[in-house]
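> What follows is each chain in one-letter form.
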Amino acid sequence: MAEKKKLSVAEILAAARKADSGGNEGGGAPSEKAAPPAEESSPAAAPAQSASAPSEPPAPATAAKSPPPKSIEKPAAKPAAAPGDRPSVKDMLAMARAGKSAAPTVKPAAEAAAEESAAEKAKPAPKPAPKSAPGVQAAKAAKSESPAEAAAPRSTASILEAVRAGKRLGPISKSELAPAPAAVEAEVVKPAKMKPAAGPMPAKPDYAKKTSPAVKDEAIESRRTAVGFLGFAVGSFLAAGFSAMTATFGLWTLGFARFMFPNILTEPPNRFKVGFPADIPPGTVNEKFKTQSGVWLVNAEYNGKPQIIALSAICTHLGCTPNWLEAEQKFKCPCHGSGFYKEGINFEGPAPRPLERFAIRLADDGQLEVDKSRTFQEEKGEWSNPDCFVPV
Amino acid sequence: MHVDHVLFMQQVSAFLGPYYLTLALLNAIAAAVLTYQLKNARAGLISVGVSFFFVILSAFAWNGLPPGLPQSVRDMANVALTGNRGAVIYTLGTTALLIALFFTRKYWVRPAVAWGALNAALLLMGLSMISPAFFNIVSKADNVPIVSLVFLLGFFTWLATSKAVANDERAKQGLPPLEKLDDEKILVWPDLVYTELICMVVVTVVLLVWAIGLKAPLEFCAERAKTPNPSKAPWYFLGLQEMLVYYDPWMAGVVLPSLVLFGLMAIPYIDFNKKGCGYYTIAQRKFAYCMFQIGFLELWVTLIVLGTFLRGPNWNFFGPFEDWDTHKVLALNNVNLSDYFWIDVLGASVPRVTSDMTGGDAVITVLKREGLGIVLLLIYFIGLPPVLASTVFRKMFVRMGFIRYMVMCNLLLFMTALPLKMVLRWTVNLKYIIYIPEIFLNF
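Protein chains in written order, with the working numbering: chain A, 244 to 635; chain B, 2 to 444.
Misleading hints may appear alongside valid ones.
What the hints assert, rightly or not - Distance condition first, Cα-Cα at most 27 Å in a straight line; then the derived DSSO-like pairs of lysine-lysine:
| hint | chain 1 | residue 1 | chain 2 | residue 2 |
| --- | --- | --- | --- | --- |
| 1 | A | K585 | B | K329 |
| 2 | B | K275 | B | K164 |
| 3 | A | K516 | A | K447 |
| 4 | B | K107 | A | K573 |
| 5 | B | K276 | B | K181 |
| 6 | B | K173 | B | K107 |
| 7 | A | K585 | B | K233 |
| 8 | A | K615 | A | K573 |
| 9 | B | K227 | A | K516 |
| 10 | B | K107 | B | K329 |
| 11 | A | K573 | B | K329 |
| 12 | B | K396 | B | K173 |
| 13 | B | K276 | B | K107 |
| 14 | A | K573 | A | K531 |
| 15 | B | K275 | B | K173 |
| 16 | A | K573 | B | K227 |
| 17 | B | K227 | A | K615 |
| 18 | A | K516 | A | K573 |
| 19 | A | K531 | A | K447 |
| 20 | B | K329 | A | K531 |
| 21 | A | K585 | B | K227 |
| 22 | B | K396 | A | K531 |
| 23 | A | K548 | A | K516 |
| 24 | A | K623 | B | K369 |
These are calculated hints, taken from the structure and not from any lab test.
None of the values given here were measured: they were computed from a predicted structure.
Make a model of the complete structure from these sequences and hints.
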């Protein structure tokens, strides 16, 4: 409603005409008479209200407030609206020019408004309202309700000309138009806003002054308690929801942590026996345990001392598995070409440091035992630690 | 690896027969276009001759006698490209070639010359196929897209350059660029959508044929202790993998790629040249053009080609026609700058941090040991920009201001650091300029 839309010619015409007729009426006495009873009776009396303003745009809104009548109205409204949801420019011009011929269709409805039972009859007129601009219908209403006093119909050309010249005979945009329905509903206050060219605003009737604030306060009061209750309900639901979520996530975390301690370890143990020192002759590399455990057993000299060591089969560059090249007597990584001597010292390619050693010792039964949980790095000077080699 | 020679020749012939025939067909079409559409009878006649030449080659290939490069030429290529000193000639050679192409671009962008170069390249590829090593590389399902991408890249570089040359020529005559002449708007429907539809259909067909024709390069089950040899990265990361050979993982895997990304993002903010917007040009944006082409063609594409064609088992260098021998022995002992300085120059032993040193002593020892490298690096990254600003980049410095200039200059220096280090590694076996394994900081 509030968005500014360009008005169609039809809407401009209608609005302009409304402004015209309104100006002539000088506050539109008849419409005032027609509206108050409906408002006074009770806002909830939907049938009455929708009937009281037969060509009123907010009819659907009031109808929505009270569902029962709506269900009655609908079927009645449909066939009546069939000829055309939105009146074409031609129709509207014709109606406006004919004045009298247009009025009769609406007028009986306006009169019927007094009787609450006439809800169905009233519908034909309001139905097109929601689809076309509300203002159009409002204008029509204003006009049709007082056909006698209405100014002589103006020609399309003159209206358009006036509008284009910026005289603003009517609202230019929909947002300006928007208040129109409200104006009709509380017709006492709004019409002045709609018609800048209109005469001085009539004094506010007493009933309008007194009743509306009280009603408003009551409404606010009830809404406050309603909001309070709603807040409480939603708040507690939120609290419950978040508590549940927190609990769920907590359980998930615990369950995830449980995965860190599996019942069965399928990987080979960190500490394992690899045979007797005699199985690894001097100057050889034993690849038997590479596949399963990622360990080379090497019998080589380091700093002039022959020793058996357990070398990690993980390249210190980016973690590929190097290959032992017997012919070249070196470990060579296929990923970036790092090369290591037999004792694990890096000498070519990008590897920044030597291969790591694992702890190795002579077990009580004379076998070698490797412990992969402890590593020894040459660049930290850890290779002198007696835990990482078995002298031969 | 050692396929039976007869079997291999059958395999190659089955490929080369249709290959040469396709080339003949292409040239026949070119001849027709040249003669009837472009009314160039002489060029058409030459094209007919070329087409006939390819038909003859095709006939030889069908009969199991595909012609190829003589062994001596292949040996020479092997030595030249990967000799004892790594890929120095390859790297410097491609650089020199790109520079030469840049300066002679007016000649190379002529359609006739480009068409001739394409024919020559395709012929060379065909002649190289009779080398089992080369055939294995090119026909590997992984590498087929790389080879086709190389040709595609050549085509698009040529296309862009020819448009740029044409625009530059027009600019000299005071005419607007070609793109400005054809400024009419095109409708999304049907023009664009139909083009897209056709592209979609073509791509689908190509992918289908590809999927049916080439087997997926699946390998054996992954095993922790068994790394494929050589282990090559996906083709688009071969440049990164090559970079990892020369720099530490944190440097080549994290810092330099991030700098590439941030550098690309920074280009619009560094660039002060407002020309060349919306049309191809080289003359109006020489610096930007050259920098981009160095970064893309030299540091990305040539490294991909190097990784594909020249890297073999154990990540050793192999010539394109050399058999991949897992036991190829290369002397690749790498030496740090500090070793060179302390042992070769000073004749002393390199100071080492021992476990009984206090923190302060260790820092002093490291600084003493790596002092030269640190100073060199500081000169490179901090000393060089002002020198460049007062000489080569004087005009740019004035126009860019201090911060933009420093950002640009440092990005540039990082970019050139890679080929510098590569050539240093290959020529003098330099491993690290700064070597501080105590804190995993090597450069």
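> Work down the list of hints and note, for each, if the structure agrees.
Against the structure, the hints come out as follows:
1. With a C-alpha separation of about 18 Å, the suggested pair K585/A and K329/B falls inside the 27 Å cut-off, and the hint holds.
2. Between K275/B and K164/B, the direct Cα distance comes to roughly 19 Å. Compliance with the 27 Å bound is thereby established for this hinted pair.
3. For the given pair, K516/A sits about 105 Å from K447/A by alpha-carbon distance, which is inconsistent with the 27 Å threshold.
4. For the hint linking K107/B to K573/A, the alpha-carbon distance of about 52 Å lies beyond 27 Å, and the restraint is violated.
5. With a C-alpha separation of about 13 Å, the suggested pair K276/B and K181/B falls inside the 27 Å cut-off, and the hint holds.
6. Among the hinted pairs, K173/B with K107/B is consistent with the structure: their alpha-carbon atoms are about 14 Å apart, no more than 27 Å.
7. About 25 Å separates the Cα atoms of K585/A and K233/B, which keeps this hinted pair within 27 Å; it holds.
8. For the proposed pair K615/A and K573/A, the alpha carbon gap of about 22 Å is at most 27 Å, so the pair holds.
9. With a C-alpha separation of about 23 Å, the suggested pairing of K227/B with K516/A holds against the 27 Å cut-off.
10. Straight-line distance between C-alpha atoms of K107/B and K329/B comes to about 44 Å, which puts the hinted pair past the 27 Å bound.
11. Only pairs whose Cα atoms come within 27 Å are accepted, and K573/A paired with K329/B is accepted, the gap being roughly 12 Å.
12. Distance restraint check for K396/B and K173/B: the Cα-Cα separation of roughly 23 Å lies within the 27 Å cut-off, and the hinted pair is therefore satisfied.
13. Simply put, K276/B and K107/B have alpha-carbon atoms about 21 Å apart, close enough for the 27 Å limit, and the pair holds.
14. A C-alpha spacing of about 17 Å is found between K573/A and K531/A, which places the hinted pair at or below 27 Å, so the restraint holds.
15. The hinted pair formed by K275/B and K173/B meets the criterion: a straight-line CA distance of about 18 Å does not exceed 27 Å.
16. Taken as a hint, the K573/A and K227/B pair is honoured in the structure, with Cα atoms around 17 Å apart against an allowance of 27 Å.
17. Between K227/B and K615/A the CA atoms are separated by roughly 19 Å; this keeps the pair inside 27 Å, and the hint holds.
18. Taken as a hint, the K516/A and K573/A pair is honoured in the structure, with Cα atoms around 25 Å apart against an allowance of 27 Å.
19. Of the supplied pair hints, the one linking K531/A and K447/A is violated, its CA atoms being roughly 105 Å apart against a limit of 27 Å.
20. The straight-line distance between the Cα atoms of K329/B and K531/A is roughly 25 Å, inside the 27 Å bound, and the hint therefore holds.
21. Proposed proximity of K585/A and K227/B is supported: the alpha carbons are some 19 Å apart, at most 27 Å.
22. Only pairs whose Cα atoms come within 27 Å are accepted, and K396/B paired with K531/A is rejected, the gap being roughly 66 Å.
23. A hinted pair counts as satisfied when its Cα atoms are at most 27 Å apart, and K548/A with K516/A qualifies at roughly 23 Å.
24. Between K623/A and K369/B the alpha-carbon distance is near 19 Å, which keeps this suggested pair within the 27 Å criterion.
Hint compliance for this structure: hints 3, 4, 10, 19 and 22 are not met, and every other hint is.
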